[in-house]
Amino acid sequence: MPELIAKAALEQAPLTKAGVTLAAVEIGPITSVAVLPGGAKAVAKALKPLGLSFPAPNTWAAKGAARIVWTGRDQAFLMGVVPPTLDGVAVTDQSDGWAGLSLSGPGAEAALARLVALDLRAAAFPIGSAARVGLNHMSMVLLRVAEEAFEIYVFRSMARTAWHELAEVLDRLEARAALKA
Amino acid sequence: MRIDGKGIIDRTKPLHFRFDGREYPAFRGDTVASALLANGVRLVGRSFKYHRPRGILTAGSEEPNALVEVFGKTNQTPNVRATVQEVFNGLAARSQNRMGSLRFDLLAVNDLVSPFLSAGFYYKTFMWPRAFWEKLYEPLIRRAAGLGSLSGKHDEGTYEKAFAFCDLLVIGAGPAGLMAALVAARAGADVILADENPLLGGRLLSDGGMIGNEPAAIWVAGVEAELRSLPNVRIMTRTSVTGAYDGGTYGALERVGLHKSARSNLPRECFWRIVAGRAILASGAMERPIAFPMNDRPGVMMASAVRTYLNRYGVATGRRVVLFANNDAARALARDLMAAGVQVAAIIDPRPDASSLEDCPVHLGAEVVGTRGRHGLREITVRKGGDEFRIESDCLAMSGGWNPTLHLTCHLNGRPRWSDDLAAFVPMDAAVPGLVAVGAANGSMSTHGALTTGKAAAEAALKALGKKAAQVALPASEDAPYRITPLWAVEGKGRAWLDFANDVTTKDVRLAARENYASVEHMKRYTTQGMAPDQGKNSNVGALAVLADATGRSIPETGVTTFRPPFVPVSIASMGAGGKGAGFAPQRFLTSDQASRDRGAPMIEAGLWYRPSYFPKPGETTWREACDREVLMVRGAVGVADVSTLGKIDIQGRDAAKFLDFVYTNTFSTLPVGRVRYGLMLREDGHVLDDGTTARLGDTHFLMTTTTAAAGLVMRHLDFVHQAFCADWQVRFISVTEAWAQFAVAGPKARMLLNSLLEAPVDLPFMGVAPVQVGGVLGRLFRISFSGEEGYEIAVPTRYGETLFRDLLARAETTGGGPYGMEALNILRIEKGFITHAEIHGRVTAFDIGMEKMISARKDCIGKAAATRPGLLGPDREQLVGLKAGSAMTAGAHLFTPGETVERENDQGYVTSVGWSPVIGAWLGLGFLRDGRARHGQQVRLVDHLRGMDILCEVCDPVFHDPEGGKLRA
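Those sequence lines, one after another, are chains Y and B.
So the first sequence is numbered by our numbering: it starts at 2 and just counts up by one.
So the second sequence is numbered by our numbering: it starts at 145 and just counts up by one.
Hints listed in this document are in silico derivations from the structure and should not be mistaken for laboratory results.
All values reported here derive from a predicted model rather than from experimental measurement.
The beta carbon of each residue, even a glycine, is placed where N, CA and C say it ideally should be.
You may find that some hints are simply not true.
Stated by the list, open to error - Just the calculated beta-carbon pair ranges, DEER-fashion: (1) Y:138 - B:218: 20 to 30 Å; (2) B:630 - Y:179: 49 to 59 Å; (3) B:997 - Y:46: 42 to 52 Å; (4) Y:124 - B:904: 54 to 64 Å.
Stated by the list, open to error - Here are the computed lysine-lysine pairs in the BS3-like style, where the Cα-Cα straight-line distance is at most 30 Å: (5) B:150 - B:528; (6) Y:42 - Y:18; (7) B:761 - B:637; (8) B:217 - Y:181; (9) B:279 - B:268; (10) B:279 - B:193; (11) B:761 - Y:8; (12) B:724 - Y:181; (13) Y:18 - B:1028; (14) B:637 - B:651; (15) Y:181 - B:157; (16) Y:46 - B:802; (17) Y:181 - Y:18; (18) B:150 - B:297; (19) Y:18 - B:724; (20) Y:18 - B:193; (21) B:802 - B:1003; (22) Y:181 - B:612; (23) B:612 - B:193; (24) B:802 - Y:42; (25) B:1028 - B:802; (26) B:637 - B:528; (27) B:404 - Y:181; (28) B:217 - B:279.
Unchecked claim - Which stretches of chain Y does chain B cover? Using the computed rule of at least three CB atoms under 8 Å from a CB of chain B, they are: (29) 18-28; (30) 33-44; (31) 48-54; (32) 57-69; (33) 97-104; (34) 147-159.
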């Protein structure tokens, strides 16, 4: 009988440069909840015990450890909890499909501005915002989790590239900061 | 030479740099141009065509002459404008476009034959004999063309790309821009203030003057301090806004580290894309030269540049300066020079009625008609009335008036409007939506005009943005009228240059007109006017004025050429930042990646994925040896391969089966739960899109598999079909490619291996699927085969992939098996006649690959109707066949009927896949052959001109191995 060992998508230690910390995020289960035609009411009812409702486009919400993130038309990712029984939806386990990264600190927005073609100013992308958007050449799910903190979810196979590109951005920001000092 | 006490350079910070191998001193704040002038260096380059000695003309980014090469440890950057490049310790620059030394350029011989090198020279001369073009003319022209040179090495510098968003983008930080930014900033708008210079202030840095009863510099410092204190303002210095694009998007190039010696990770440049709700163009104006005879000598400069070097850099550009200007504004230079103790030898003003109230000789109604001095100006000739006289001078400051810097307003195809008052083009309103030009860029030439229009435009922008403007007082400032009488060209002996960068003279423009290149666009291309790195910033308006004169039209009638981005040259490296080498695309790694590399497998790219090519064993010297062994291993024992790269799409809903029936040619609604079916998918045009297997996991739950290559394509296709044709169906799907690690286990011992691993023995029919428990983890087991052997694919959640792979290999190796790579996988499938995207390359139909019977007659599907179009069926089609030969074949080779000549008309088809089969003992291939299915057993001639191959091979059925399929059903 083999012993299967679960491996994390990213094993890198957190990295802090230019006032920004890049770290891997383990969010727990991720479940795609895709509402079928006519299923909205049933979904709302099933999510209620979690204290969540189906999110509006480009938003996410949390209650305790449970999060629900808009990821597309009639589609949301339930994160951090084992999903309840859900009717009226297609439920698909996505836990192993994604790698999570967090970017936090005063320079987080500036760091993302090197790779993301989206207006991330607090007024345009406040806490509670979510977007499916490019991270340089790959696609991601981007969440603003605090004034100066974002979470990034990319395809698990691309996690190393995502980390590498973000780390390079921090290197450049650090070099820029040294220039001003 | 430097003048004590003048300028805003930091004299406490001495620097040194090298130009053409010689070391020169400089101060912090100097440009290469200002430092060279301070050291008395006037000759800095050679002109493009005639290789004439050239000096520094301007003090800005529009410089046409002073282009140099800058050397770093790993960089060699050509065509760097010495007027923009800031000096840092250790900077090394070199003059360019010369053969031999700068002073004795061998190609200066071109200047002697200049009468023959007039406009259209190339077109007229290199027409005949025709054969000479490729061998003689083109190599010669190519060697002579271009200015700077490249190192030929990769640019290893760091570059950056970035995005920015704001309510208001203010382009230019002169008085108009500063005022606009201040008004918007105080109202709380997000403001980006961008300026090419390292310092804010624009012309105020050069011209000084008073604003609000204090020196302009004090006002600038006050505004800057306030802007820097506000969180809603971003000041971007050394940043040129290069283009205006749709939707309020602007390109901008920031010189991040070019003013410093290279340091690791510091970007040299950053290419910004700025999206702005509103934009204000406060880019000022550019002074234009006068085309008088021999006006290109080092020492002939723009009056505004002479003033900049004096007031900003503390440099006198000559000992005896002459001012030649047709407008009042330029007179300030003479006053500044005299105040600084520099002798003004004369003021030459072509206007008979201009003022002569200066404390130096003033010649009204006079023109400069000639210059002397081999490597620099020594003397000028002035014509006044009928008389000519000479004045000794080493610096001639010229001013033909000012052209508003309106380029950005024309980037969305707008054309400027002619103003008779200014004798210049001014921007059309709203030519770029949301962009308003102010100050000198809009023809308001005084400081007062700049402040007033800047303030008003910011207030209008705030209103449009829904913000309330705060009260900002307008400080008092100079409001002198701008008096000008146009003077474009001065008649006289000798050539008069318009475009200094491309060596275009007034004579060339007149010749173009005479030869009927009378449209401004034709004249431009005939003479190359405005086609140099400066893009005609200094010269275009002057050239079209000469053209207008030559063709008897007015200037507005003649019109301007098209303004295109970028406003200043942008390095390709900055636009491609983040995309060089491996940065070109994300790298996708399998969970088995490390285990494969541990075994020495070379990894090859398959789309974005990295997959093992083969797994070398000790003693094997070529990939073929490893590949042959792996093929025999799968056929004789068991092989393990990571197939996680195949696309997996989870499809659910009451209408999922109906949806699959619609996208696949064959029927899936009849597939029982727990079974897998091969499916073929067509594009709407009836050609094959992709193939793969789909498993029915539950009544309303399917799992589709796509090829690796088409995973994204199929997902997009499904989205399109769903959204366009059946959005109301009860079906939802999502990619699970990344969620599962999946391994093929194939060979006669595959079942034995799996039984040792799984918690219950395998009991699956061919094309069956079942959930399995492996090491306490819930996985899936499919009985499918891409090798032709009894084959399984076992899938577990990705996190367990690496340990399962290592475990499978260890178990396989105890029974004579092991891992196999892409090479063996390819041979195995060729032996079985299984197709990949080498075969279904987008131009083949189901008929071509022998699968037209898979298009179900009982239902409709995407592509069904189009697949029956005339020409897509029948013996004229190139059909999939197998090919067999005793010697090597090549994919890409073409097929011919033996006896027919090898030419395109006789082409019978082509080869798509080849490989040596250690099982069959022959070279096998797949290919497409006209009426191929009727030609099994025949010989065809295989020709590959590219690789020098010409052999005979046998046409056969594409399934070479186990045609009955007994093995995979075992």
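Do the hints match the structure? See the list:
no., hint, in the structure
1, Y:138 - B:218: 20 to 30 Å, "holds, 25 Å"
2, B:630 - Y:179: 49 to 59 Å, "holds, 51 Å"
3, B:997 - Y:46: 42 to 52 Å, "holds, 48 Å"
4, Y:124 - B:904: 54 to 64 Å, "holds, 58 Å"
5, B:150 - B:528, "violated, 35 Å"
6, Y:42 - Y:18, "violated, 46 Å"
7, B:761 - B:637, "violated, 83 Å"
8, B:217 - Y:181, "holds, 23 Å"
9, B:279 - B:268, "holds, 18 Å"
10, B:279 - B:193, "holds, 22 Å"
11, B:761 - Y:8, "holds, 28 Å"
12, B:724 - Y:181, "holds, 27 Å"
13, Y:18 - B:1028, "violated, 61 Å"
14, B:637 - B:651, "holds, 11 Å"
15, Y:181 - B:157, "holds, 17 Å"
16, Y:46 - B:802, "holds, 29 Å"
17, Y:181 - Y:18, "holds, 15 Å"
18, B:150 - B:297, "violated, 43 Å"
19, Y:18 - B:724, "holds, 23 Å"
20, Y:18 - B:193, "violated, 51 Å"
21, B:802 - B:1003, "holds, 10 Å"
22, Y:181 - B:612, "violated, 34 Å"
23, B:612 - B:193, "violated, 56 Å"
24, B:802 - Y:42, "holds, 25 Å"
25, B:1028 - B:802, "violated, 42 Å"
26, B:637 - B:528, "holds, 15 Å"
27, B:404 - Y:181, "holds, 12 Å"
28, B:217 - B:279, "violated, 37 Å"
29, 18-28, "violated (count 0)"
30, 33-44, "holds (count 5)"
31, 48-54, "violated (count 0)"
32, 57-69, "violated (count 0)"
33, 97-104, "holds (count 3)"
34, 147-159, "holds (count 4)"
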